[in-house]
Amino acid sequence: MHKSSSQRLPPLKRNWWLKHRFFKLYMLREATVLPLVFFTLCLLAGMVALLQGADSWQGWIAFMGSPIVLLLNLLALAASLFHAATFFVLFPRVMPLRIAGHSLPDKAIVAGQWAGVVAVALLFFWLLGRA
Amino acid sequence: MMEKLAINEHGPQHKQAFDEPLWWSLFSAGGVCFAVILPAVILFIAICLPLGLLPAGALSYERASNLLFSVPGFLFVGAVVCLPLFHAAHRLRHGLFDISVGNDILNKKLMYGAAALLSVLALGLVVAGMLR
Amino acid sequence: MSTEQITTKSVSTNNTSIKHISVKRYLPDSSAEAYWQQYEMPVDDSTSLLDALNHIKEQLDSTLSYRWSCRMAICGSCGVMVNGIPKLGCKTFLRDYEGEIRIEPLSHFPVQRDLVVDMEIFLEHLAAVKPYLIDDNPVKPYDPKAPETYQQTPEQLARYKQFANCINCGLCYSACPQFGLNPEFLGPAALTLAHRYNLDSRDHGKKQRMTELNRHEGVWSCTFVGFCSQVCPKHVDPAAAVNQGKVEAAKHTLIALFKG
Numbered sequence: 001m002h003k004s005s006s007q008r009l010p011p012l013k014r015n016w017w018l019k020h021r022f023f024k025l026y027m028l029r030e031a032t033v034l035p036l037v038f039f040t041l042c043l044l045a046g047m048v049a050l051l052q053g054a055d056s057w058q059g060w061i062a063f064m065g066s067p068i069v070l071l072l073n074l075l076a077l078a079a080s081l082f083h084a085a086t087f088f089v090l091f092p093r094v095m096p097l098r099i100a101g102h103s104l105p106d107k108a109i110v111a112g113q114w115a116g117v118v119a120v121a122l123l124f125f126w127l128l129g130r131a
Numbered sequence: 001m002m003e004k005l006a007i008n009e010h011g012p013q014h015k016q017a018f019d020e021p022l023w024w025s026l027f028s029a030g031g032v033c034f035a036v037i038l039p040a041v042i043l044f045i046a047i048c049l050p051l052g053l054l055p056a057g058a059l060s061y062e063r064a065s066n067l068l069f070s071v072p073g074f075l076f077v078g079a080v081v082c083l084p085l086f087h088a089a090h091r092l093r094h095g096l097f098d099i100s101v102g103n104d105i106l107n108k109k110l111m112y113g114a115a116a117l118l119s120v121l122a123l124g125l126v127v128a129g130m131l132r
Numbered sequence: 001m002s003t004e005q006i007t008t009k010s011v012s013t014n015n016t017s018i019k020h021i022s023v024k025r026y027l028p029d030s031s032a033e034a035y036w037q038q039y040e041m042p043v044d045d046s047t048s049l050l051d052a053l054n055h056i057k058e059q060l061d062s063t064l065s066y067r068w069s070c071r072m073a074i075c076g077s078c079g080v081m082v083n084g085i086p087k088l089g090c091k092t093f094l095r096d097y098e099g100e101i102r103i104e105p106l107s108h109f110p111v112q113r114d115l116v117v118d119m120e121i122f123l124e125h126l127a128a129v130k131p132y133l134i135d136d137n138p139v140k141p142y143d144p145k146a147p148e149t150y151q152q153t154p155e156q157l158a159r160y161k162q163f164a165n166c167i168n169c170g171l172c173y174s175a176c177p178q179f180g181l182n183p184e185f186l187g188p189a190a191l192t193l194a195h196r197y198n199l200d201s202r203d204h205g206k207k208q209r210m211t212e213l214n215r216h217e218g219v220w221s222c223t224f225v226g227f228c229s230q231v232c233p234k235h236v237d238p239a240a241a242v243n244q245g246k247v248e249a250a251k252h253t254l255i256a257l258f259k260g
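Residue numbers (our numbering), protein chains in the order written: chain A, 1 to 131; chain B, 1 to 132; chain C, 1 to 260.
Source of the hints: derived by calculation from the structure; they are not laboratory data.
It cannot be assumed that every hint is accurate.
[Said to hold, decoys possible] List of simulated lysine-lysine pairs, DSSO-like, C-alpha gap at most 27 Å:
(1) B/LYS109 to C/LYS251
(2) B/LYS15 to B/LYS109
(3) C/LYS24 to A/LYS24
(4) A/LYS13 to B/LYS109
(5) C/LYS161 to C/LYS234
(6) A/LYS107 to A/LYS24
(7) B/LYS15 to C/LYS206
(8) A/LYS107 to C/LYS234
(9) C/LYS259 to B/LYS15
(10) A/LYS13 to B/LYS108
(11) C/LYS130 to A/LYS13
(12) A/LYS24 to C/LYS234
(13) C/LYS130 to C/LYS161
(14) C/LYS206 to A/LYS19
[Claimed, not checked] Reference excerpt, derived from the structure (chain C facing chain A, CB under 7 Å, subset only):
(15) ALA32
(16) ALA34
(17) PRO110
(18) ILE121
(19) GLU124
(20) PRO177
(21) LEU181
(22) ASN243
By construction, the Cβ of each residue, glycine as well, lies at the ideal position given by its N, Cα and C atoms.
Kindly produce the complete structure, drawing on both the sequences and the hints.
Right, here's the structure in full:
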């Protein structure tokens, strides 16, 4: 194919997403990974501490309890739930599921995924909620 | 044979993005883990544990070691650390492009490279703990 | 009782009022700079934005340029930005707008004059994905001894029908920041049409289209912002089609990998 001869505009300015509520929500969705990265790094530090011994492990738990870390991880929890809310509705649009020739309603797929969130939380409760 | 010729006919502007399906698959799998598993993980490990809301001994040094340094622990780290890291790397890479920071070829290497490095570290820690 | 209701209703649908519309003018013959011009006109509940533009052109200012044809959301030529959101003029009613109404040419396209934009790049991207039936073994000219036609079951039609409703109005391109950031991105409508033909049971051109889709400027530039599907006047859901295209491109790559 020959090179196109049509006119090109310069690319958007970097603040394009500030002009609409829709785009701001998109950027918020993309930004949910920032607190996620923070939590992941905390978790990695915890794994290192666990490998080092009992004292380091207790030290890590104390670190996780410091107000700023706790606040950032609360933010990570909120981010994971906001991410879930935005991600689950995309799934049936990217991979429409068909069972016996009938397409599954979007609402059922979204509800199924939320049921997954609850199931994982129950699993954790079963594992860690009892002494 | 014919198909190969057809693909090669296209110039450099028809360069196939053979790596993108890999990044996108990791991004999608990580997105599912982030949405389905991470809320519970963050709630129990980063909030309930430091606040002392878990029963005594639920994540004592002994119990935590036994849980993490095991085959299920290895899978747990894969789903809770590695895949979400690739999810984050993908969104950060595209986010940087969205706000015109850096160039995409370099950002790609930095983001996916960091995710791969941290993933190897995380899985390596579990293996090291199992071999202790 | 029913008569009364009808009367009340007919009164309320004819609410006449005076509205102000600001139009972004660009007349390259007289000025290199675009400027805003305000028009005042009487409107009622049935006045569409296209009616308003026609009123301006016929009654107030014959120098205004804009595209239009069918008045019924099928030709796809009257797309403009209304308060920053891409809309079809004929499908937008002034009764839905309180206060300021700002009309601009479609975003992300070079402006030629007033509300008329150059859509050449969109047409190039459309042509690149070969949006037509490609058949290795086409239906032969009519032979009474062996009549042969394309056949398709309702189920096969249902697979792509939603994606076939595109009218090429270009609103999704104006809604897509990825196209705004990189005009080489094939964009929502072209990728959707590629997917529409890939899903068609009569088509055999998928392999040719996949080499276009599986490029960085193909499906992989999309970040599922999703605004394209919000503004689509025909509810095509291009964002879904593009992302289903990612699944197809991933399959295509896997197959290519194993075949070598």
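(request) Could you grab the alpha-carbon distance between C/LYS259 and B/LYS15 and see if it respects the 27 Å cut-off? (result) Roughly 18 Å separates the two Cα atoms, so the pair holds.
(request) Mind checking the alpha carbons of B/LYS15 and C/LYS206 for me, to see if they're no more than 27 Å apart? (result) holds (17 Å)
(request) Report holds or violated for the interface hint on C/ALA34, using the least CB-CB distance to chain A and a cut-off of 7 Å. (result) At 14 Å from the nearest chain A Cβ, C/ALA34 fails the 7 Å test, so the hint is violated.
(message) For C/LYS24 and A/LYS24, compute the direct alpha-carbon distance and say whether it is at most 27 Å.
(response) holds (25 Å)
(message) Given a cut of 7 Å on the nearest C-beta pair, is the interface hint for C/GLU124 held or broken against chain A?
(response) holds (5 Å)
(message) Against the 27 Å threshold, does the CA-CA distance of A/LYS107 and A/LYS24 hold or violate the hint?
(response) holds (25 Å)
(request) Using 7 Å as the Cβ threshold, decide whether C/ASN243 counts as touching chain A. (result) Because about 4 Å separates C/ASN243 from the closest Cβ in chain A, which is inside the 7 Å limit, the hint holds.
(request) Closer than 7 Å between Cβ atoms is the bar; does C/PRO110 clear it against chain A? Give me holds or violated. (result) holds (4 Å)
(message) Does C/PRO177 hold up as a contact with chain A if the rule is Cβ-Cβ below 7 Å?
(response) holds (6 Å)
(message) Can you confirm whether the C-alpha distance between B/LYS109 and C/LYS251 stays at or below 27 Å?
(response) holds (24 Å)
(request) Mind checking the alpha carbons of C/LYS206 and A/LYS19 for me, to see if they're no more than 27 Å apart? (result) violated (38 Å)
(request) Would you mind confirming whether the straight-line C-alpha gap from C/LYS161 to C/LYS234 stays at or under 27 Å? (result) It holds: about 12 Å lies between the C-alpha atoms, which stays within 27 Å.
When each numbered hint is compared with the structure, violations occur for hints 11, 14, 15, 16.
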